[in-house]
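**Student:** Numbering (the numbering used here), first residue to last: 613 to 953.
Worth double-checking, as some hints may not be accurate.
[Claimed, not checked] Derived pair list, reagent style BS3-like, types lysine-lysine, alpha-carbon separation capped at 25 Å:
id, residue 1, residue 2
1, Lys781, Lys725
2, Lys910, Lys929
3, Lys802, Lys929
4, Lys929, Lys725
5, Lys758, Lys915
6, Lys808, Lys820
7, Lys753, Lys617
8, Lys915, Lys783
9, Lys808, Lys951
10, Lys913, Lys951
11, Lys951, Lys783
12, Lys701, Lys802
13, Lys951, Lys917
14, Lys753, Lys783
15, Lys696, Lys951
16, Lys783, Lys929
17, Lys917, Lys808
18, Lys758, Lys781
19, Lys951, Lys617
20, Lys929, Lys758
21, Lys802, Lys913
22, Lys702, Lys617
23, Lys802, Lys917
24, Lys781, Lys913
25, Lys915, Lys753
26, Lys813, Lys624
27, Lys910, Lys758
28, Lys929, Lys624
Keep in mind the hints are simulated off the structure, nothing from the lab.
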Amino acid sequence: MTSQKNREIRLKKRPHGMPSAADFELVETPIPTAGQGQVLVRNIFMSVDPYMRGRMVDRESYTPPFQIGETLSGGAVGQVVESKNDRFKKGDYVSNFAGWREWFVTEGGDLQKVDPAVAPLSAYLGTFGMPGLTAYAGLLKVGELKEGERVFVSGAAGAVGAVVAQIAKAKGCYVVGSAGATDKCDWLLKEAGVDKVIHYKSCGDLSKAVRDAFPQGIDVYFDNVGGEHLNAALANMRMNGRIPVCGMIAQYNATELPPGPSNIINVIPMRIMIKGFIVSDWFNLMPEFIRDMSGWAKAGKLKWKETVVDGIENAPKAFIGLFHGENTGKMLVRVGPDKAV
Numbered sequence: 613m614t615s616q617k618n619r620e621i622r623l624k625k626r627p628h629g630m631p632s633a634a635d636f637e638l639v640e641t642p643i644p645t646a647g648q649g650q651v652l653v654r655n656i657f658m659s660v661d662p663y664m665r666g667r668m669v670d671r672e673s674y675t676p677p678f679q680i681g682e683t684l685s686g687g688a689v690g691q692v693v694e695s696k697n698d699r700f701k702k703g704d705y706v707s708n709f710a711g712w713r714e715w716f717v718t719e720g721g722d723l724q725k726v727d728p729a730v731a732p733l734s735a736y737l738g739t740f741g742m743p744g745l746t747a748y749a750g751l752l753k754v755g756e757l758k759e760g761e762r763v764f765v766s767g768a769a770g771a772v773g774a775v776v777a778q779i780a781k782a783k784g785c786y787v788v789g790s791a792g793a794t795d796k797c798d799w800l801l802k803e804a805g806v807d808k809v810i811h812y813k814s815c816g817d818l819s820k821a822v823r824d825a826f827p828q829g830i831d832v833y834f835d836n837v838g839g840e841h842l843n844a845a846l847a848n849m850r851m852n853g854r855i856p857v858c859g860m861i862a863q864y865n866a867t868e869l870p871p872g873p874s875n876i877i878n879v880i881p882m883r884i885m886i887k888g889f890i891v892s893d894w895f896n897l898m899p900e901f902i903r904d905m906s907g908w909a910k911a912g913k914l915k916w917k918e919t920v921v922d923g924i925e926n927a928p929k930a931f932i933g934l935f936h937g938e939n940t941g942k943m944l945v946r947v948g949p950d951k952a953v
């Protein structure tokens, strides 16, 4: 082990607009050693997520911004290589929030054991992880979904959107998803089982395309995108419709504030509820979430697709790819062997 190095990605400078490779740097450090009460973990997969772009801006938010020169952090799954902590043994697989590095030491408070017999390790960063819980809580709790409703999902081939669409179908709903590539649209129809898809880059008038897909209007619009998608949804909501807002990737890299929805006044006569949420508000749902997701997966009602990039040195490339639509499902980086010990 002493001949190996730990590699990690640090924030070199704050991006202006779309991030670039020059905003990041790859650094080699010695592999740390576990002290008393600690464990040494070798990461296997790490996650890159759109919300991380907000943490690269020096502003107050629900989570502190990354600092220049700081090793970035994010969701990861790894294996315990050395343990001096009674709660973990060598060989345990654990989820953590120490991504963007290959090795790390912790006292274990940030670790959660995961079982590869329940789901593949990578799925604990997507369908069975934070994106999946985001979809579950956002749709069922914030969006208050009812059986048989009409559901529109933007970014429906992404890590969150794909789970939203399939939970809605499992609940007997009529589901329409939007995506920006033909292969993503095909996957949504053939694998995820949505009723219709809107290729938003080629449909022309998005509001009209949504109206054609929802002649009776939308009960729940799950917003991952914002921008024109939110405008189109607001123009086609049913009375007492609900809009859980998960993200607005359309403006994450904007250098100035875009105009607000021109038809926001629709929320008044249509009694529309719009509510933003953060997944950490719903961590108490984890047992219920894992139970339901496992059941849907076993029943064949839940499928997922992953886009995997190899090598921690390519993590910035994978992250930037999120904003160019280069992923179908969860974007992951494989940073180590599937079995570390």
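**Student:** The structure should be examined with respect to each hint, and the outcome stated for every one.
**Tutor:** To see whether the hints hold, each was checked on the structure:
no.	hint	result
1	Lys781 - Lys725	violated, 30 Å
2	Lys910 - Lys929	violated, 34 Å
3	Lys802 - Lys929	violated, 29 Å
4	Lys929 - Lys725	violated, 29 Å
5	Lys758 - Lys915	holds, 22 Å
6	Lys808 - Lys820	holds, 14 Å
7	Lys753 - Lys617	violated, 44 Å
8	Lys915 - Lys783	holds, 15 Å
9	Lys808 - Lys951	violated, 40 Å
10	Lys913 - Lys951	violated, 29 Å
11	Lys951 - Lys783	violated, 37 Å
12	Lys701 - Lys802	violated, 42 Å
13	Lys951 - Lys917	holds, 22 Å
14	Lys753 - Lys783	holds, 14 Å
15	Lys696 - Lys951	holds, 20 Å
16	Lys783 - Lys929	violated, 37 Å
17	Lys917 - Lys808	holds, 19 Å
18	Lys758 - Lys781	holds, 11 Å
19	Lys951 - Lys617	holds, 18 Å
20	Lys929 - Lys758	violated, 40 Å
21	Lys802 - Lys913	holds, 12 Å
22	Lys702 - Lys617	holds, 20 Å
23	Lys802 - Lys917	holds, 12 Å
24	Lys781 - Lys913	holds, 8 Å
25	Lys915 - Lys753	holds, 22 Å
26	Lys813 - Lys624	violated, 33 Å
27	Lys910 - Lys758	holds, 23 Å
28	Lys929 - Lys624	holds, 15 Å
Consistency note: the structure conflicts with the earlier hints numbered 1, 2, 3, 4, 7, 9, 10, 11, 12, 16, 20 and 26.
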